[in-house]
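Below, each chain spelled out in residue letters.
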Amino acid sequence: MDRVVYMDHASTTPTDPEVVAAMLPWMSERFGNPSTVYSLGLTGAKAVQDARESIAKAINADPEEIYFTSGGTEADNWAILGSADAHGKKGRHLITSAIEHHAVLESMEYLAKRGCEVTRVPVDGGGLVDPEEVRRALRPDTVLVSIMHANNEIGTIEPIAEIGRITREAGVLFHVDAVQTAGKLPLDVEELGVDMLSISAHKFYGPKGVGLMYLRKRTRITPLLHGGGQERGRRAGTTNVPGIVGMAKALELASVRMAEDAIREAALRDRLWEGLSAGIEAIHLNGDPVRRLPGNLSVRLDGIEGESMILMLDMEGICVSSGSACTTGSLEPSHVLLALGIPAEDAHGSLRATLGRSTTAEDVDHFIKVFPPIVDRLREMSPIWCANCVCKQRN
Amino acid sequence: MYSELVMEHFRNPRNMGVIEDADGVGEVGNPQCGDMMRITIKVKDDILEDIKFQTLGCGAAVATSSMVTEMAKGKKLDEALAISNKAVAEALGGLPPAKMHCSNLAADGLQAAIKDYRERRQA
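Order-wise, the sequence lines are chains S and H.
To convert, note that position 231 of the first sequence is 231 in this note's numbering; the numbers rise steadily by one, no gaps.
To convert, note that position 93 of the second sequence is 93 in this note's numbering; the numbers rise steadily by one, no gaps.
Derived from the structure by calculation, the hints contain no laboratory data.
Keep in mind that a hint or two might mislead.
As the list claims (entries may be wrong) - Covered by chain H, according to a simulated footprint, are these stretches of chain S (three or more residues, beta-carbon under 8 angstroms):
id: 1; stretch: 89–103
id: 2; stretch: 306–313
id: 3; stretch: 377–383
To be verified - Lysine to aspartate or glutamate pairs mimicking DMTMM-like chemistry, simulated, CA-CA at most 20 angstroms apart:
id: 4; chain 1: H; residue 1: K42; chain 2: H; residue 2: E27
id: 5; chain 1: H; residue 1: K115; chain 2: H; residue 2: D46
id: 6; chain 1: H; residue 1: K52; chain 2: S; residue 2: E64
id: 7; chain 1: H; residue 1: K52; chain 2: S; residue 2: D376
id: 8; chain 1: S; residue 1: K46; chain 2: S; residue 2: E64
id: 9; chain 1: S; residue 1: K89; chain 2: S; residue 2: D141
Here a beta-carbon is modelled for each residue, glycine too, at the ideal position from N, C-alpha and C.
Here chain H stands alone, though its shape is the one from the complex (with noise of 0.2 angstroms):
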């Protein structure tokens, strides 16, 4: 059903945790559809300096967490912004096509996460 790079992301889940000074959060989805996410990002300079995960989901949930945090690390707000569900789900080798609507949720997580930081700096 999953791809090998999908399940290796599920077994070994890259950046789980919370960052407790969070320069920004986004949470996504909701625990009735089963699939929920919250992101925590720490920001320097533009970049983000660190990524951090929870995801309460299927195993295409905890995947696609992982590989948004490790897409994510390192780069530049906006090039990270620019990161898309699919471009997600194609790093990962693809999701079943089931799991495409449902599951694939991480981009959003980490969008939301960046303009949290966003509106927290203009406040």
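For reference, chain S alone in the conformation it holds in the complex (with noise of 0.2 angstroms):
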């Protein structure tokens, strides 16, 4: 196996040497606790504090609303348990959507254990939200909406402006999960009325194990991690230095040529799915056909089951995932394809590929002209796969 054909990169993406390099000093000669009062370690905090300017910046914020975290499931973790404890007082309601990232859905469903009540709206066939779904199930007890800004599995993008607009009018708490779309989309935490937003740096070029809350000024929240006065107070922990540099570069150079990646990517994504639906049958897209994020392509195929798409792909050479049960190790189809209503034996045939910036031409056509041949094999090997009859009917 010579080439490797990256392309899972909404799982995570390979660290940009320049972050790199910016996160090796803090990790050897400059080492020190950036929560002492010694030179070593104040220089620590000064770049902290560069990071923490820097971020706020890129997301309208001020830097007083960044909070560091181990990543995003810890950001959303703390998003919905420390602002469920701390409003309490006003209710025990959440509403969420039934397609998040289960650091949420897992989250709510802690909660809803401890006595809370979890409405999850639905989303349509593409898996979108509507507002007025939001707007509806708002109650007086409603504490806290968490919605995510695109789906990991499907790219579809969430109408967040629009929600944010409800929320505020109805004087609720909004939590958006922007794991997928920091760095590749612009995120403006005024424009998408939030008051608490996750990020994930490893999914934007930058390290793994480092993350953010962004939380608006005035915002109460109970702390999930408690100990040293870190994160003023809210969140405790040794400041992860060489993370968090790495984590404002590698925003900042999203930043620079997130518009350019876009156009790229969605040309060589849409040539990916034009050259896979040419030469496959019964092959379908998930997701909305429109508003996703640029690099995605998900898909299902009839009568074969995604894992064993993915050992043959590797053994091409190609990296992908799927929705699929089997690679979780549980026997649930996606949660987020049965609720686009994907029945579930169809659901088990799912494949995502998500481009990134090395993904190039090539890659793409060398996926276009290996996968045929093994979804055929599959096929072969299907016992509900029969070309001439119940699978093409269904198209």
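With the hints as a guide, bring both chains together as one complex.
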């Protein structure tokens, strides 16, 4: 296997060499703890402050509204658990969507087991949340609405600004999981009307293990991590200086090239879809055909299962993922695909390719060339695929 | 995630296909669960003369299907019936824990095919 075609950028991205270079001094000669008072530590404190200012500027926030975390999962957990706890006197009703990341859904589930009520608003066949559904779900005791900016499986981009107007009008907190959009779409916390926003660095060519939560000024929240007084007493734990410096650098680089990347990746994604749909029968697009992330292509194929496609593509050097249960060891197919109204047996046959900065037209053409024979082979093996009967009629 | 032997069977499945004039057919699993298997057998003098499989499913589902056909081919029916899902997994050098439950149905498929053969003979 000589050639590696990496098409799983929604899962993680390679750290940009410029980001690595920016991080290195903070792991070696400038290793000091920024919470100390001597100069070796204080230079780290200054670097973290610079990073905070640069990131705040990029999302139109104040530096004091940025709280560094260990990643997107911590930010999601904190936003939901921390605000539900701090606002428990107002009420115990929470609203989210049916297609959120598990970091949000499981946090909601945790609260539901402890007396909160959770409403999961449905999505349409392309994965879009209707802002009016959110409005209808609001109650006097609603404390929080949490809706993702873009979905990690199907790439559908939600109408966040519209939902933000509704929550603001109602005086309800609004959290947005922006893990899939940071560095890919412009983020402006004022325009989006959010009170909390989660970001993870490794999704935009930054390092793993670092992220942040934007928390609007004067928003009450209970800390998740207790200990030292870091992050203005709201998030304890020794400051991850190299990670934070790397994340700021990655966001700075992304801001510069965002528009160009989006155009290039969308063109390659469309080329991939055209090639695959021309060479394979009974292949369907998942998600919204228009309102989706530029690099995302989510498809499903009749008569075959996702993991076996991934294993065979891996033999050809292509890295993709699936919405299939088998990859996570559960029998359940993806909750996202089921929420779109896709039957379980079809959802199992899904595949997600997410393109990124390194993706070339040659990569796309390689995929288009090697995938059809794999599909043929798996369908030949499949007891439910018959070349001339039911499967074709479903189209 | 998978052992080298599982991947080897996945890459080069043994006895894949359908016996058109089969003496017995076994179907287990369900497309809604993402795993389904059909085993067809040819029996002569109480011996599994030929066996073929078709499988919809993950790497483990394909590898266990392939392995069970290899283990059963040429065996007496009672010997073939004694092959358990666990024995198939062991012959493959083990499966990831999550796969033991969901994708390890190959022996069930074989048993269903043998049962079908015996029922047909009684009929």
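Unsatisfied constraints (hint numbers, rising) | Failing hints, ascending: 1 and 6.
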